[in-house]
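Could you build the full structure based on these sequences and the hints that come with them?
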Amino acid sequence: MTIAFDLLLALSLLWSGWRTLATPRLDRAIVLFIIFGLLMSLAWARLAAPDIGLAEAAIGAGLTGALLLDAYGVLGQRRGAP
Amino acid sequence: MKRLSLVALVLSLASAFVFLLAGAMLELGPAAIDLRAPVAAHLAESGVTHPVTAVLLNYRGYDTLLEIAVLLLALLAILAVVGEAPVSPSRAAHPVLQALARLAVPLMIVVAVYLLWAGAFRPGGAFQAGAVLAAAAVLLHLVGLQPGWSQLRLRLRIGLAAGFALFLAVAAGLLTQGSLLQYPPAAAGALILLIESGLTVSLALILAGLFLFLSREAGA
Numbered sequence: 001m002t003i004a005f006d007l008l009l010a011l012s013l014l015w016s017g018w019r020t021l022a023t024p025r026l027d028r029a030i031v032l033f034i035i036f037g038l039l040m041s042l043a044w045a046r047l048a049a050p051d052i053g054l055a056e057a058a059i060g061a062g063l064t065g066a067l068l069l070d071a072y073g074v075l076g077q078r079r080g081a082p
Numbered sequence: 083m084k085r086l087s088l089v090a091l092v093l094s095l096a097s098a099f100v101f102l103l104a105g106a107m108l109e110l111g112p113a114a115i116d117l118r119a120p121v122a123a124h125l126a127e128s129g130v131t132h133p134v135t136a137v138l139l140n141y142r143g144y145d146t147l148l149e150i151a152v153l154l155l156a157l158l159a160i161l162a163v164v165g166e167a168p169v170s171p172s173r174a175a176h177p178v179l180q181a182l183a184r185l186a187v188p189l190m191i192v193v194a195v196y197l198l199w200a201g202a203f204r205p206g207g208a209f210q211a212g213a214v215l216a217a218a219a220v221l222l223h224l225v226g227l228q229p230g231w232s233q234l235r236l237r238l239r240i241g242l243a244a245g246f247a248l249f250l251a252v253a254a255g256l257l258t259q260g261s262l263l264q265y266p267p268a269a270a271g272a273l274i275l276l277i278e279s280g281l282t283v284s285l286a287l288i289l290a291g292l293f294l295f296l297s298r299e300a301g302a
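Line order of the protein sequences matches chains Y and Z. Note that this note's numbering has the first sequence beginning at 1, numbered continuously upward. Note that this note's numbering has the second sequence beginning at 83, numbered continuously upward.
Just to be clear, a hint being listed does not mean it is correct.
Which residues of chain Y face chain Z? A partial, calculated answer using Cβ under 10 Å [claimed, not checked]:
no., residue
1, G53
2, A58
3, L63
Because the hints were derived from the structure by calculation, they are not lab data. Every residue, glycine too, gets a C-beta built ideally from N, C-alpha and C.
The following block contains the structure:
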């Protein structure tokens, strides 16, 4: 059961990492990056490092994701009203 | 035909490299230094019962001291680049989003305090607590309840530097003990909690500042 979960986690990490880099749309890439961060924090928890998992979820997925989304919003405004 | 052979060459080289890397990873010997036993042996003197916190704030305290210094320096560099500019009024988000933020932020503050307190005996600690607090500030900013920071008031300056200053003061005060940040075992727990509280406040302000100082130009 756990081995299946771990394999699934590893596969979805690889998949979301690949999609983050390969997707042509910026907004989807940011959302995929946040998903990647959340999966990564799960992986840290599975590796018995919940401290790093907590930090990854809060900083990697939460703060960085919000910063990227805000930057995307500003970019959109500048494009919309030149 | 030429292109096909080139692709085959690249593919074979890449797969050979992958096999080499996998082989090297599987061949890794045991780590040269195993510090788990000494960490566990001295846990009783460290003032906390969670080994990660013991390493971060007691055994390798100066690493954490330099970490907060680096974060403060990063924020100062951003401030030097951005300068002081008039803040644009933040646009208010949908009332449902605002109500959700109003509900979520007190919970996030409670979680942050819990993480700070729990750091002594289970996963948690100042960095996670500070990040949660900073995320609460960012959330308030994104829904339009908290305007971006335009100028450095004295209170904000003190808050930003307090964690580092407190840590440095404790380190300087303990220099008489012998080496840097060598806590007396009886007071270690209280000192670590004091340092971590300061770190939480400063980290929250620094991380939120990275966001709130940069995003105030959104309308410009």
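Hint by hint, here is what the structure shows:
| no. | hint | in the structure |
| --- | --- | --- |
| 1 | G53 | holds, 8 Å |
| 2 | A58 | holds, 4 Å |
| 3 | L63 | holds, 6 Å |
In the structure shown, no violation is registered for any of the earlier numbered hints.
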